[in-house]
Structure formats: structure tokens, C-alpha cells
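*Asks:* Please build the complete structure, drawing on both the sequences and the hints.
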Amino acid sequence: MFVLENVVKRYSLRGREVIGFRAERLELTTGGYQAVVGPSGSGKTTLLGLLTGILKPQSGVVSILGQDLAPLSNAGRDRFRGVHIGYIFQLFNLIPYLSVVENIVLPCRLTPERMQRLRGAAPEQAAKEVAGRLGIGELLHEPVANLSVGQQQRVAAARSLMGTPELVVADEPTSSLDFDHRERFIELLFENCATAGTTLIFVSHDRTLLPMFDRAISLPEINRVRT
Amino acid sequence: MVLLSLAYQSLKNRKLTTGLTIFSIGLSVALLIGVEQVRLGARESFSNTISQTDLITGARGGALQLLLYSVFRIGSATNNISYDTYVHFQKHPAVAWTIPYSLGDSHRGFRVVGTTNDFYEHYRFRRDRRIEFAQGRLPNGIFDVVLGSDVAATLQYKPGDPVTVTHGISQGRGLLNHDDKPFRVVGVLARTATPVDRSLYVTLFGMEAIHADWADGAPPMLGEETPAAKMTEQNLKVKQITSFLLRAKSRIDTLRLQREINTFADEPLMSIIPGVALAELWRTIGYAEDALAVVSVFVLIVGLLGMLVSLYTSLNERRREMAILRAIGAGPRKIVLLLVAETVLLSAAGAALGVGMVYGLSAAFQPLVERHFGLYLPIQPLSVGSFVYLAAVVVAGLLIGFVPAVKAYRNALADGLSVRL
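In the order they appear, the protein sequences are chains A and B.
For any residue, its number in the numbering used here is found by taking its place in the first sequence, counting from 1, and adding 3.
For any residue, its number in the numbering used here is found by taking its place in the second sequence, counting from 1, and adding 28.
There's no promise every hint is true.
Here are the simulated BS3-like cross-link-like pairs (lysine-lysine), alpha carbons at most 30 Å apart as the crow flies [stated by the list, open to error]:
1. B/Lys277 to B/Lys119
2. A/Lys59 to B/Lys435
3. B/Lys435 to B/Lys40
4. A/Lys131 to B/Lys40
Note that these hints are calculated values from the structure, not bench results.
*Replies:* This is how it looks when you write it as C-alpha cells:
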């Protein structure tokens, strides 16, 4: 279960405090494919920050997998994210100076718990398997600069799934793909999340994708702040 | 370990700036270590200019002056000492050997030294190296001259060539030349890389012969000089010398001998221990090396600041990278460590490159420096001081790393997962 309750996130903007996000209750279920949709300015970035523990709300409860992130320290939230959450950016997901396989194994290298969940398998081997399932098995030793945008997003998906985190958060990962690639990418993501038993939260402004998901949550209905 | 390998790959990715940064740090480290090594080498070489000599004795005057004219052929004596006094100490029961020097004349700017065969036999430098002949033989006749290797090389003289000695010390051809009594080159000494190379050597008799008819520092009238052919060792009497080197039979006697010479009743004499005098001289010129060291420290600071600037300016392009690392679970502390690891790697690589340059350059330029400056710079292991400098470079790199690191940390906190590019 992922629950946000009575959450208020304020920013200071040119010395003035502004409320960026306020939600009475947002509930996401464990398992399944859920989409959060909303136009730009509806508080997507803030929601992502709160869900992943990058941002700390001024008040309220952010409960991820039964753990309230709000009272944790900065380092504690970073750790939590490292262990339990995979993240896919909209674009530019990869560290440019690492090869594909090095990018994929990075979460296991940075977080020992993710390494342990490979159950003794070499991270490179695990990366090869995930990459194979995502159709990028032959790109493992390419420099990332040689990859197309679609390929880069698949590498990012492979990375987010390494060491089977409980939650994968994707921030509009398909916005720069054309329609066919978009569907194919989402299908692959679904398949792999199902294999790993990982919950997927997919944030997008694109309502045409909604039929693919189990459930869609409209952000403007959740966020009480109007801009 | 992960961070170190990330830092390494990140640096490798920016080959040009990384290379330039390492090169600039390397250059400044090379300067710093080079100055340190040269100064140790120079000191070593300097204090090895003369060895196994226990005392240098001359007319009473300045200790430094006595050292300079006797060992380095710089400046001149204000007074001579009598030959009888010299013989007195030569025959002294505590004395192992002596080498007399009679100075004051020159040839084309090179000093002419009157001495005896004791010089070729006993003189030692660089611990136990002795004078050797590259060509020819010992000077036996009154008008025989032996050349130091620099003299022979500069003037292109070879055995058999005539040499005219100039009265006094002057560059080129002087005013008063002993051209009525030319010398003939009979030998050339092997290189010593000491001031020995920059002198010409005649016998004490030769020195006496060219001044035979002189009175009150003026040459004899034209036609009144004794012809060279009539000069023999029998009718020449050595009356005075300038200074002499002395070796005591046992080192314990040195101080007693020194006191005896300094309190010699017949003539005001002065005796110095070369090691002590050399150390004193080195201290006086030591200010120059301190200044050099200060300058090289500043150059190093500039090199390290260059690294700071290049890393700091790269941070904006790397905001994305930091956001990715944060998303994967790297806390801001790891981001700080990543950047500090980069500066430590850069400064360590720079330090290593600098040491490499020092050894490369000293191997390349050692013969050149020896030839042109008479300075033998041994290629030696790094001194303790150099290791302290190297450690300081890496520590400074580490401390400097915190500047971009803190900036990156702030960026990472402010950016979170979203970077507006």
C-alpha cells in the first residue's frame, strides 16, 4: 500500500512561502499498473518527489510499503529509495560515462540490499537477463551515446528493475517515443514488473495511454492547490 | 570503492580537461619537487667539491674569502704566506700531506694555479675521487702547464700548444702578459665537475719563474728580464705561496693543528675546516633556495586552483548526472564523496606525473647541467621533504574537493529529481 494522507508541501519562492501540493488522501495499491495523470502544473513533480522520498512534506503521512517517510532523515529517505524504489526519468536517464551494463548494475553497486536480492548471481549476469527480456541484450557493452532514445529508456527500465525493488516509479518515460514504441515499451515494462512482482506507478499527462492501465488516478482531483 | 571507480570513469570521460588539469598539477609538482631535489643535489655536490682535506690555510683574513679563492677560484687573496712557513707545516709530525697553491695569475679569464705534484697525488673530491689525466702527463718542467677540462674544451687547446699567462685576474688578454715566458701544454685533466676544471696548473717553479725579475708588483724593464732559457729549478727559489691544503695524520689532530696554525708566531695565519666553512657559505646562499621554494609553492597553489575552477565549472553540465545518482539512492553525502574522490584522483595523478617529470628531466639534463654549471646532480630517491610535499598536494586536493562537492550537494538538494536543462 502506498498512502499519502493530509500531505502539505510548501516551497519558498522569492522569499514567500507557497503551497505546492496539498492532498487529503491518495491511495495506490500494491501490485498492478497504476497511472497518475494530470496536465503540467498539476503537481506531478512534487508528487514524484514525495513518493520517492526526495522531498519531505511539512506535514502529513507518506506511507510507502508501510513505512512513513516523513519523519525519516534525509539520509534515511535516500537509503529507503535506494533499497525499495526504482526510478525512470522522462529523458536522459543514463550516466554518460558508463557503458550500458555499468548503468544497469549501478543500483546494485550503490545499495548492498539490492545486490543481496540477486541471490548470489553476478550483477552483470542479472543485468544480461533483464536486458534480454527488454530486447536490449546485444547493446550491453555499447557506450550510451550510441543508443537511440527508445533504447536508452529500455536501459533505464532495466536499471530500475535490477535487484527487484518493490516499487518502480516512472516519470513520463514514453513522452519522447513515437506511438508504436510507446505501447511496446509499456508492455515490456508491464511484463517485467509482473515477473519481478514489482508495483508500477506511471505518471503521465498523456490520456491516450490510459486504457492500458488497471487504474488511473487524476492528479487535479487529488491536489487541492490550484495554480 | 564504487564511488572511486565512478570518479575515475567520470574523469576518463572528460579526457581533455582531466588531462590538462593533471598536466598543470604535474608541472607545478615537478617544479616543487625539482627545486627540492636540485637543492639537495646542489648542496651535496657543493659540499663534495673538496674532500679528505682537513684544513685550508692562508694569510689571516676572511674565512669565506679563503674558502672561495682556495676551493672555488673566486676572488683573490689579500696576502701571501711565506714558503718557509709552508715547509714548516709540511714537515709537521701530525701532517699527512699538504698541497700548496700559488694564485694570482690567469689565462683568458681562467685562473692559473701554481702547485706541486702533491696536488695530482692527494687532492680528492666527491669523497674519494682523485685527479686523473685525460691526455698527457704531469708537469715536470718549469714551463709545463696542465689544463683543467673546461679550459681545454673552451679554448680548444691540446698538448704542445703554447700558453701565455696574464698577470692578475682578467678576462681575455690582460694588460700585463708574461709573454716573454710562454708555457707549453703537457697534459689535460679528466672532468671532475668541480672548480678544478676551470683552472690551469703550473709548478710552483713556473709561477716563480714568470715573476722572477718583478719588483713591487711591476714587471722588469725591457731587456732586463732573465731569459727563459736560463731559468732552472736550481737558480729559482720559491719565496711565497697563497694558501695550502692539509691532511692531518689523524682526525683528532685537526683541531689541535688548527689552533697551532692560527696562533703561529712567525706569521699571521688562518686555518679553516672546509666542511664547516662550506656549511656556513651554504647558509648564506640558502636564502635564494628558500625564495625558489616559496615561488614553487605558489605555482602549486595556482595548479590546484586550476583544478578547482575546471571541476566547479563542470558542475552545471553534471547536474543531470547527480540527479540520476540521487534517484538511484545515492545520498548527497555520496555525491560529496564522489567529487572529493575526483579531486583526490586528479591531484594524486598530478603528483605522480610530477615525480615522473622530475626523474625524466633530471635524467635528460643531468649531463647538460654538469657541463654548463659544474653541478653534478645525482639521480637520487625522493627526499623526506619531497614526500611531505607530495602528501600535502594530495591532502590539498582533498580539501579543495569539498568546494565543488558542497556546491554539487546544494545543487542535488535543490534539483531533486528534476533538472531543467
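*Asks:* Could you run down the list of hints and mark each one as holding or not?
*Replies:* How the hints compare with the structure:
1. B/Lys277 to B/Lys119: holds (12 Å)
2. A/Lys59 to B/Lys435: holds (21 Å)
3. B/Lys435 to B/Lys40: holds (22 Å)
4. A/Lys131 to B/Lys40: This hinted pair holds, its Cα atoms lying about 25 Å apart.
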